[in-house]
Amino acid sequence: MSNRDSSVEKLLFAAASSLGEAKERWELLDYACRDDEEMRRRIEELLEVQTVADTLFEFEPEVQSGPMEDVEEEGMGAHIGRYRLITRIGAGGCGTVYLAQQEEPVRRKVALKIIKLGMDTKAVIARFGLERQALAQMDHPSIARVLEAGATASGRPYFVMELVEGERITDFCDENRFSIRQRLELFVQVCYAIQHAHQKGIIHRDIKASNILVRSSDGVPVPKVIDFGIAKATGEDLSMETTGVLNGHITGTAGMAGTPSYMSPEQARGDADVDTRCDVYSLGVLLYELVSGRTPFDPKRFVGVSIEEVRRTIQEEQPKPPSAAFKSAALEERAKIAEARGANSTTLAKLLAGDLDWIVMRAMEKEPLRRYDTATGLAMDVKRVLWDQPVLARPPGRGYLLGKWVRRNKLIFVGGCIAFFGLFAGLGISTLMYLKEREARLAEAGLLQKAEYREQIAHAAVEIKYEDFEGADKLLAQVPIEQTPSSLEAAGAFQAVAEWHVRAGRLPQAASRFTAMIRALSSVDTSDLPSVSMSLLEVAAPVAYSGGAGPYEEFRQLAIRRFDMTANAAVAEETLKACLLMPADEKTLKSLAPLAAIVEQAIEAKEGNDFWNAWALFAVSLFYYRTGEYPEAARFAEQCLANSNQNEVRTASMLIVYAMIEERLGDSTKARAALIEGRAGAEIGFSRDDWTTLNGPVYWFDWINTLVLLDEAERVIDSKVEDLSWFGQHPS
Amino acid sequence: MPAELLPLLYDELRHIAAGYMAREAHGQTLQPTALVHEAWLQVTKTDARMWTDRSHFFRAAAQAMRRILVDRARAKASLKRGAKAQTLDIYEVDPAAATMDERVLLVNEMIDRMEKDDPESARVITLKFFGGLTNKEIAKMDDVAERTVERQWAYAKALLVRMFRYELP
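Here the protein sequences come in this chain order: A and B.
Take 118 as the starting number for the first sequence in the working numbering and just add one per residue.
Take 40 as the starting number for the second sequence in the working numbering and just add one per residue.
Just so you know, the hints here were simulated from the structure itself, not pulled from any lab data.
One or more hints might be untrue.
Stated by the list, open to error - Computed footprint of chain A on chain B; a stretch qualifies when at least three of its residues, placed anywhere within it, have a C-beta under 8 angstroms from a C-beta of chain A: (1) 156-169; (2) 189-197.
What the hints assert, rightly or not - A short, non-exhaustive set of chain A residues, derived as facing chain B with CB atoms under 8 angstroms: (3) 127; (4) 129; (5) 130; (6) 167; (7) 170; (8) 171; (9) 174; (10) 259.
Stated by the list, open to error - One side of the interface only, derived from the structure: several residues of chain B facing chain A at Cβ under 8 angstroms: (11) 111; (12) 115; (13) 134; (14) 137; (15) 142; (16) 200; (17) 205.
C-beta: ideal position from N, C-alpha, C; glycine also.
For reference, chain A alone in the conformation it holds in the complex (with noise of 0.2 angstroms):
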């Protein structure tokens, strides 16, 4: 049978095979196969097979039909497997939970949940087998086992769960009049449980109010978290465009798997692969509710709108802090949500302010890169607050170039990472199971050896904290530039000690430390603003002056790649700045070319104040020197220099990259003047003992950026000096 022939039968086979009546078959073959026999046998063969093909790779086993059609019709007393339907005891979003009597091996009362119908209960059984083994390991006492899980007569799926009696959270707590204090305490406990599972490879997927029960133990509270696993089970089976209306929750059978309040954006927006961040998101949300008594978005938004309405709320909207929600309800639910915690609402609105907002807020970032990594770095920023110690304690360092945000976070995530290798631990022994080939060994040893570097990092960031910058840079220096994990605190961390390096005078260690510290940040934070390209430059200088042509291009690329499709002036020129400092190729000053035009159209258009414009026009300048295109260059250098605005370290600059302008230009009296001033105004910058902690408007990298100038003015100009004195012409 040749290609052809094939492909023409397939295409007869889909026609005939969509039409319904046999008379029309024939109709169609008797026309279409009319020179052809043999194909039209085949197709007959084709059509007549086609029932036994359907039976042959029918998948779904037959459901057998029994007496337990449906065990709400059926009532109680009927049983599923080995267990014995009680009562009804709840009814949530996505099925029924009963109270149910296992008969064998061992008499006991459990809590049996039958998911509704409409998803693929094989699927879910399979999805639940899969965890099962990771689930067992689970050992905690504020965990509730989920024991097994199968499918009904009636082909709905159903899990068994250890029975937990307790009340909802929430309930519990404004029962008996929880103060802050102590619903901080219970959470931390809740905390803790999520953080074992996470220990173990699980992520519940699903932590809300209602899926944490309390009961008082002799007076003391204990929390429980249920339905683990369950999520991860029948989640996956849920796709979003079949769910129907909202009705405050996502509507059962299908939808978004969770509750909308409660659903982090990863979630929202269907990833596939959340982490355990999704569930410090949700935990972030449980806290939210427990002190201020509100959720971050009012249930009542979610009601009757579509569900990308949802999906836009939860991954674009910013919700209150917590004290604002709470200040922003009706005077009367003030002061009950006030007298629950046995308080009154000013004193409320008060200890809401502050630390707990802000924990509550990194807890619930929409980026999981910016949330605490892990439930006990949340347990420990509550535990902080409970034990009156500052979260936010200030940082060592100047509070300048990056701006605010990296200290903030710096600090906050030197707590959230110390548990981080204890997770990495747990989440290999769960995969171990499998990882047995030598491939595997090496995935492994690269995910412990990341954990470790993380963790030292961590541990450099509580030294950095008690400002032992030399025990913090030992521990930083193990770390490989290469290997830098992305993240805040690792960029907070480099930072630091790359600027004690500085001050300290020791600029090759303070490139390197700088290096790995854009490294860090290269991926994390993606807004385009000065402040953050303004850390190229801190970066540019030390690696230029001390590391030398290889690691300056590595870094100029990074850069290029950061910043290349920036439609910011200030960034632009930054970028310019820190990427011109040493001669660059075709390819480079290709990419650099629609900055310096932005640049260039934001001096024309006079966007900038005079000090900036000065730069830009230092910025053009030395990229027209790096293109070749000497005549314009200089044309920017004259225009820079007669700026009113001067500044010591620009001026030097300038004269100096002018001074290369007019050498190529032909000019050496011009070239020779200008090196020499600059040379003057740079030993004047240099002469002074207070560079190394000049805060601006000149900064101390402006000096270093100087000097990496002149080296190479110097090499320039003196290198004609000496092929003159080739020819015996030395000039007098």
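Following the hints, complete the assembly by docking chain B onto the known chain A.
Here is chain B on its own, set in the frame of chain A:
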């Protein structure tokens, strides 16, 4: 392939195994974890760097799954028939009432025969039956409409049974 990608691929494999296990009747003979484990060993035995993308991996994984299931089914068949017995003659099997193991062997044999004349059909059966992929996943992988995969699948299934019925081995 970078070492850190392996765990991700491992997850893919779990997904495929879940797809396969979902269709197995209750008294299944393979634990899903065992299936994944074996498939994982098979897939990683080959040079890991040869997978350039997900679709490569899916194909490799489906083939691995196929080998394992066929080996198991053969082993079980020979156990039932005694050590001396020949392997199961799949032509004795009634496709409409085959057990899972018989189906595995029958489909395996037919795919081999189909490979030469109609590799497209052989591939779609491998991915669907052994790989456990859905029409949607295959459509995405091949960048064609889901309807196209549906048609290929309907044809491939019928072709397989026709070969079994009407064409002598």
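Problem set entry | Hint numbers contradicted by this structure | Hint check: 4, 10, 11, 12 fail, others pass.
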